[in-house]
Each structure stands twice: as C-alpha cells, then as structure tokens.
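2 protein chains.
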Amino acid sequence: MTDSIDDIDLMMHGIGTVARAAAADLSCAPADRKRAALEAAAETLADTRDAVLEANERDLAVGRNRGLTDAMMDRLRLDAGRVDGIVGSLRAIAAQPDPVGRVLAEWERPNGLTIRRVATPLGVVGVIYESRPNVTADAGALCLKAGNAVILRGGSESFHSSHAIHAAMVAGLRAAGLPEAAIQLVPTRDRGAVSAMLRAVDHIDVIVPRGGRGLVGLVQREARVPVFAHLEGIVHIYVDASADPDKARRVILNAKTRRTGICGAAECLLIHRDIAEGLGARIVADLIAEGVEVRAGDGLRGSVKATEDDWGTEFLDMKIAAKVVDNVDDAIAHIRRYGSSHTDCILAEDPAPVARFFERLDSAILMHNASTQFADGGEFGMGAEIGIATGKLHARGPVGAEQLCSFKYLVTGDGAIRT
Amino acid sequence: MTDSIDDIDLMMHGIGTVARAAAADLSCAPADRKRAALEAAAETLADTRDAVLEANERDLAVGRNRGLTDAMMDRLRLDAGRVDGIVGSLRAIAAQPDPVGRVLAEWERPNGLTIRRVATPLGVVGVIYESRPNVTADAGALCLKAGNAVILRGGSESFHSSHAIHAAMVAGLRAAGLPEAAIQLVPTRDRGAVSAMLRAVDHIDVIVPRGGRGLVGLVQREARVPVFAHLEGIVHIYVDASADPDKARRVILNAKTRRTGICGAAECLLIHRDIAEGLGARIVADLIAEGVEVRAGDGLRGSVKATEDDWGTEFLDMKIAAKVVDNVDDAIAHIRRYGSSHTDCILAEDPAPVARFFERLDSAILMHNASTQFADGGEFGMGAEIGIATGKLHARGPVGAEQLCSFKYLVTGDGAIRT
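Going down the list, the protein sequences come from chains L and V.
Position 218 of the first sequence, counted from 1, bears residue number 217 in numbering that gives the first Met the number 0, the numbering being contiguous throughout.
Position 326 of the second sequence, counted from 1, bears residue number 325 in numbering that gives the first Met the number 0, the numbering being contiguous throughout.
Calculated cross-link-like contacts (lysine to any residue; reagent style SDA-like; alpha-carbon spacing at most 25 Å):
| id | chain 1 | residue 1 | chain 2 | residue 2 |
| --- | --- | --- | --- | --- |
| 1 | L | 318 | V | 416 |
| 2 | V | 246 | L | 113 |
| 3 | L | 246 | V | 414 |
| 4 | V | 318 | V | 329 |
| 5 | L | 246 | V | 111 |
Beta-carbon label-pair distances, calculated as ranges:
| id | chain 1 | residue 1 | chain 2 | residue 2 | range |
| --- | --- | --- | --- | --- | --- |
| 6 | L | 281 | V | 32 | 42 to 48 Å |
| 7 | V | 96 | L | 211 | 38 to 44 Å |
| 8 | L | 113 | V | 174 | 38 to 44 Å |
| 9 | L | 84 | V | 105 | 24 to 30 Å |
| 10 | L | 377 | V | 223 | 33 to 39 Å |
| 11 | V | 277 | L | 377 | 56 to 62 Å |
| 12 | L | 113 | V | 27 | 34 to 40 Å |
| 13 | V | 179 | L | 306 | 39 to 45 Å |
| 14 | L | 87 | V | 308 | 52 to 58 Å |
| 15 | V | 325 | L | 49 | 50 to 56 Å |
| 16 | L | 377 | V | 308 | 51 to 57 Å |
| 17 | V | 24 | L | 349 | 24 to 30 Å |
| 18 | L | 65 | V | 24 | 47 to 53 Å |
| 19 | V | 105 | L | 306 | 37 to 43 Å |
In case anyone wonders, no lab produced these hints; they're calculated from the structure.
By construction, the Cβ of each residue, glycine as well, lies at the ideal position given by its N, Cα and C atoms.
With the hints as extra help, turn the sequences into a complete structure.
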C-alpha cells in the first residue's frame with residue numbers, strides 16, 4: 000500500500016517535471032505552431048476514428064459489466080458522429096484567435112509611464128474528469144491554445160477511449176514540433192493519482208476538477224493546489240406566477256429531457272403556489288408523459304413523494320424533484336440552500352421577480368426564459384469549453400481558452416523616477 | 000494551549016458568521032450607500048487624527064522596545080501627513096465608480112439568447128498583513144467598495160494604530176446604515192488567529208496575505224482557503240549593455256533609496272559584463288555614496304562581498320545585492336531562479352533584449368526604463384490598492400476594487416430551447 004502510493008508520487012513527480020519544462024516552451028510558442036498542432040491532431044483523430052471506436056467498445060463492455068447507469072453509459076459512449084464532433088471541436092479551437100499576448104488594456108499615466116496588461120499562460124493545468132472521453136480532446140486542446148501544459152486524469156471507465164484520443168493529440172504535437180509532454184494522460188487507473196495531483200503544488204498551477212459529489216468531497220479534503228471547481232450542476236428552474244404557460248412547458252421539457260447526463264440538465268422545479276394546481280400540474284404531467292420520474296413535494300401530484308434527500312440532488316437521469324414555493328424570495332432561499340452555484344433559471348413575464356432573481360442569486364449562470372441546457376461554452380460562443388466552473392475565483396461559468404490565461408503588466412518609461 | 004486554540008477557533012467562527020451575513024447584505028447594497036460609508040469614515044478619521052497618532056505612539060514605543068529595524072519602524076510610523084494620506088485615499092476610493100454590477104461584456108447568440116457578464120462581489124475577504132497601519136483603511140475600503148465583507152488581521156506591531164483606524168471605518172458604516180460587521184478587525188494579537196483564518200473555508204472566500212518570508216511559509220503550509228498571495232517583492236533590475244548611463248543611474252538610485260520599506264524597492268542589480276567596469280562601477284559608487292550597502296558578486300567592488308544568501312533576499316533596507324551577468328538570457332535565468340514574480344526591470348536602449356525580457360519573464364509587473372518604485376496601484380491609476388498580488392490566479396499586480404470582484408452570466412431568452 001505504502002509502496003503503491005510512493006510509486007504514484009514518483010510517477011507524478013516525473014509527469015510534473017516534464018510538464019513544467021513543456022510549459023516553459025509553450026509559453027512562448029508561436030500561435031501558428033499551436034494551431035498546426037491542433038489541426039494535425041484533428042486530422043489524426045479523423046484518420047483513426049475506427050481505432051477510437053474500438054477502444055470505446057472495450058470501455059462500454061467494462062461499463063456494462065460494472066452496471067453503469069444509462070446516464071453514465073450515455074456519457075461514456077462514442078459513435079461516428081460524436082468522434083466527428085470531437086474532430087470539429089479541435090478544428091474550431093485551432094481556428095480561434097490565440098489568447099496569449101492579447102493586450103487586455105493599455106493606458107498612459109501622468110507620471111510618463113505606458114502600461115499594458117497582456118494575457119499570459121497559467122503554466123501547468125491538471126484536469127480531473129470522469130467518464131466523458133471527449134474531455135481528453137477538449138481540455139487538452141484548450142490548455143494548449145492558452146499556452147499551458149496539461150496533465151489529464153480521466154475516469155477509469157473511459158480509460159481506453161481517452162488513451163486513443165490522447166494518442167491523436169500527441170501525434171498533433173509531434174507533427175508541429177511542440178513538446179509531446181504538453182498534453183499528458185496519467186497512465187494509471189489508480190485513484191491515488193487523483194490525490195497525488197491535488198497535492199502537487201510544485202508541479203501544477205491549477206486543477207480543474209470536473210465531477211459530482213464524490214469528487215467534491217475529495218477536492219475539499221485534499222486539494223493543496225488551487226482549483227477551478229467544475230462540480231455538481233444542481234440546476235433549479237423557478238416557475239413564477241407570471242410565467243407564460245407555453246414557454247414554461249417547452250423550456251422545462253427541454254431542460255430536463257434533451258440530454259439528462261449533462262451538468263446543465265434541470266434537477267429541481269420550484270413552482271409558484273398560485274399556479275401549482277394549473278400550470279404546475281400540467282408541467283408535471285408533461286414530464287411524466289415523457290418518462291420522467293417526478294419526485295414531488297406537498298401540493299403537487301408527482302410520480303413519487305419527494306424526500307428531504309431529493310432537494311440538492313444531481314440526478315443526471317430521467318428524474319426531477321418538484322416543490323411548491325410561496326414566491327420568488329422563497330425560491331431564492333431554496334436555491335441558496337440547495338443549489339451548487341452552477342445554473343439556475345426563472346420563467347416569468349413580470350420583470351420584477353426576474354430582476355430580483357438576477358440580483359439576489361449568485362450562480363455562475365442565471366437564465367430567464369431559456370433552457371438550462373444552453374449552459375455550455377459552445378452555446379455561449381466560446382468555441383469549446385473545458386467545463387462550467389462553479390467557483391468564484393478567476394474562472395466562472397463556461398471556461399474557454401481565454402479564462403485559462405493569466406496576465407502580466409508591461410510598463411515602459413523613459414528613465415522615469417518616482418518622486 | 001489547546002484551550003487557547005479552541006477559543007480562537009470559536010472566535011473566528013463568530014467573526015466568520017457575522018461576516019457572511021454582512022456580505023449577503025453588502026452584495027446588493029446601493030453604490031451611494033457604500034460611497035457614503037467611505038466618506039463618513041474619511042471624515043471621522045480626519046476628526047480623530049490626534050487619537051490615531053496617540054495610538055501610533057504606543058505602537059512605536061513597543062516597537063522601539065522590541066528593537067524593530069529602521070525599515071520596520073518606517074512602515075509602522077504615522078504622522079499628520081500620513082493620516083491625511085489615508086483620509087485622501089478613503090475619499091479617492093469613495094469617488095471611484097462602483098465596480099459591482101458593471102456589464103463586463105454583452106453579446107447576442109444565433110440561438111436567440113442575450114448574454115451579459117456582470118461583476119459581482121467575491122463574498123468574504125480575509126486580509127493578513129504586517130506592520131503598515133494604513134492597510135486597515137485601504138483594504139477595508141476596497142473590500143467594501145467591491146461589496147465584500149472583510150476580516151482584517153493586522154500585525155501585532157500596529158495593534159493600537161489599526162484599532163484606531165478601524166474605529167473610524169466602523170463609524171462610517173454605522174453612519175451609512177450598513178452592517179458594522181462589514182469590516183471587522185480580529186481583536187487579538189495571538190498568532191493562532193492567522194492559522195485559523197487560513198483554515199476558515201466555511202467563512203472566508205479568499206485570503207489576501209501581505210508579507211514577507213515568514214508569512215509565505217505559513218500560507219504554503221496551512222492555507223485551505225484560496226489565496227491572492229501578496230508576498231515578497233524580490234525586485235531585480237537588469238542593466239543591459241545598451242543602457243543609457245544617465246537614465247540607469249537615476250532610475251537605480253530612485254528604485255533603491257526613495258523608500259526602502261516598500262515591496263517595489265529594488266533588491267538586486269544584474270549588470271551586463273561589458274559595462275560592469277564602467278557604468279556598473281559608477282552605479283555601485285552612487286549607491287554607496289547614498290549610504291547603501293552593496294553586497295557585490297565577482298567582478299564588482301561593493302561594500303561587502305555577496306554570499307549565496309544575498310540572492311533572492313528581500314532586504315527592505317539600505318542594502319542591495321549586485322552581480323555581473325553575461326547577457327539578458329543570463330539575467331532572465333537568475334530572475335527565474337531567485338525572483339518572486341513581483342516586479343522586475345530592464346534598463347536598455349536596444350529593443351531586442353527588452354522584447355526578450357518582456358516575453359520570457361512572467362513577473363506580475365515587468366518594467367523598462369522606469370523605477371520599480373512605481374509598482375503601486377495609485378501610480379497605475381487604480382486609486383488605491385490592497386497590495387501587489389504575486390500569484391497567477393484571478394488577481395495579479397496592483398489589486399484595486401475591480402479585481403476584488405467576481406462575475407456571473409445573466410442570460411435572457413424568450414422561451415428558447417436547445418435542439
């Protein structure tokens with residue numbers, strides 16, 4: 000046991016050391032070379048699609064044996080279309096403007112100085128994720144675009160798929176003459192590797208943990224490296240008394256059922272008391288008709304009765320909690336207590352509760368009359384995302400290459416001294 | 000011992016709980032009320048100047064008994080002019096535009112959504128600082144301006160001065176009808192309070208530690224709360240072979256001697272080999288003539304011979320290390336090894352080494368032909384600063400109210416669903 004942990008620490012030390020060296024090279028790599036690496040990776044991935052799908056079959060077989068839920072299997076599954084989606088995403092990231100070296104602000108001072116704030120890479124990013132294999136490509140590509148080296152630690156479920164995708168990324172780096180250690184995949188399924196990354200303050204500048212409740216606890220207990228938390232999406236939708244019935248029914252069905260396994264899927268409905276028996280009942284009936292299990296609180300007739308545990312649960316499945324609230328303030332209080340600062344939504348035509356919801360809540364994304372499934376970097380126009388950050392520091396909401404940068408000040412004078 | 004730590008944890012729990020409640024109130028406090036609180040605090044401080052100076056006398060007497068260095072005594076000392084400076088700083092912060100609610104970006108998407116990114120408060124900020132009493136006012140005021148509650152933990156040396164200034168801040172909050180717990184001062188000199196703050200993940204969203212090597216180590220070992228490090232300023236100045244002699248001599252004298260106790264004071268000179276015997280020797284002679292102890296490496300005749308310990312030391316005193324380097328790359332290598340990512344400067348007329356210095360180093364502030372004493376939020380035009388952040392996440396360089404904010408996305412649709 001001790002030996003195994005020592006081995007993992009030693010492995011992480013090796014990975015971290017070469018990542019640091021790669022980051023130093025990448026920090027001043029020309030934009031066109033990073034672009035070439037991403038284009039070559041996309042081409043390699045397209046060329047090796049069959050091998051990737053074969054690797055994914057192996058993961059799916061293991062997943063079936065382990066009895067993964069339908070939602071987990073959906074997140075793990077690749078098909079030709081999804082691989083093409085990953086290829087397209089790599090090309091989209093390649094085509095984006097380079098975020099490094101952008102002049103974020105520039106001004107002159109009466110003291111004679113010219114001050115520029117310019118974007119810089121962060122250094123070495125660690126990404127800890129679960130079953131979704133496309134993260135291997137998206138996270139690797141976005142970190143590279145921002146001039147960062149990245150250490151990827153995918154879920155054990157997607158081990159073979161991630162390795163196959165990673166091979167394409169490395170081929171891209173090689174083709175462009177960039178260090179292969181710029182994108183590393185931790186080559187073990189041992190959970191100890193996650194702990195080792197969370198403690199690797201000498202080797203990793205920031206960790207992006209993407210995952211659910213288990214990862215939340217681990218990060219809180221063990222992280223010594225700063226974190227851009229990408230954790231649970233306990234997404235609430237509040238249906239105000241002023242909600243337009245058609246919009247509300249359409250948005251809620253979409254928010255819950257379009258894809259249940261993504262972090263922007265709705266997990267809890269809060270329905271204004273005045274419309275609980277009318278529109279509220281219709282919405283619940285819609286959901287049940289679509290196959291959703293509605294776990295309902297008092298005053299609503301759902302599939303089953305809600306228990307205390309249902310509030311604040313990320314189902315990631317065809318399940319939703321539903322509750323009657325007195326007004327927008329009651330909804331806000333519920334979300335503050337049970338939410339995860341990811342995405343929360345109000346359906347209303349009256350602007351007053353919307354303004355209050357937008358002002359009083361502090362989720363990364365607040366929505367009005369729109370499906371929470373839009374909580375996504377691509378939908379926000381960022382090209383791609385490493386995930387949705389739920390913390391308040393540095394990165395928040397959908398995180399693309401720009402938010403994977405830091406900045407520095409360049410100050411120019413002509414012999415200026417301070418009096 | 001155990002009792003005392005339990006007591007401190009209990010005290011921090013109390014302080015943290017009321018800070019959290021105050022932060023909730025402040026997060027939607029109107030801009031004019033925050034402004035009124037700062038103006039009233041400035042007025043109270045001006046009215047109680049004599050009491051503040053009396054409290055400072057008590058701190059100075061304790062400091063003399065403890066044998067504080069001249070640099071430390073300088074940082075601790077207040078006089079009428081310095082109190083007036085603090086009053087002016089409070090008024091300047093009051094007059095600045097409110098950073099909360101600013102629309103940082105706004106765009107529309109083909110999917111029919113309008114997306115706004117707006118600035119929000121961070122929540123509860125903890126500030127750990129050393130002897131400088133003005134930080135009590137500046138940090139308190141900047142956090143309030145950004146809608147954050149703040150827990151201040153000043154150095155034991157400035158205990159009485161900080162309490163007197165804090166009383167004025169609280170009077171301002173009271174006059175404006177804002178919660179007094181918005182700006183709290185930890186009421187003990189016990190060092191255990193610093194550890195308790197660094198661990199207070201439930202109560203504090205971010206810690207700003209301002210200080211030298213002792214605090215660096217403590218933060219690295221104990222911090223569980225995210226940190227905007229404001230740590231050592233090991234400021235280097237590289238004198239290139241192409242440096243203009245007059246500018247170089249003027250800038251270096253200013254950077255070292257204008258005020259030695261501030262974090263932007265120069266601590267190490269790196270002199271190009273080709274000019275070591277000419278301009279380099281003149282610069283060293285200038286410094287010695289001004290009373291600076293020059294701790295010189297091989298090839299330079301200083302006051303004393305440098306030892307390995309002198310590289311990477313923050314003297315904060317009339318001392319400077321000096322060394323001959325082969326070229327700009329050698330200077331960059333030295334700064335990467337011994338620097339603290341605070342402020343580093345190149346003196347050169349040839350643009351090539353300047354471009355290399357600006358590209359290859361990743362200090363928060365890089366300067367060209369300007370005194371490093373300009374590393375200051377006021378000089379940068381930010382009105383005031385909580386300090387100079389040396390980390391890479393969220394805040395970096397001089398930190399004003401804007402960088403003490405986070406943001407959220409407000410997304411508006413008209414019943415939009417994702418297909």
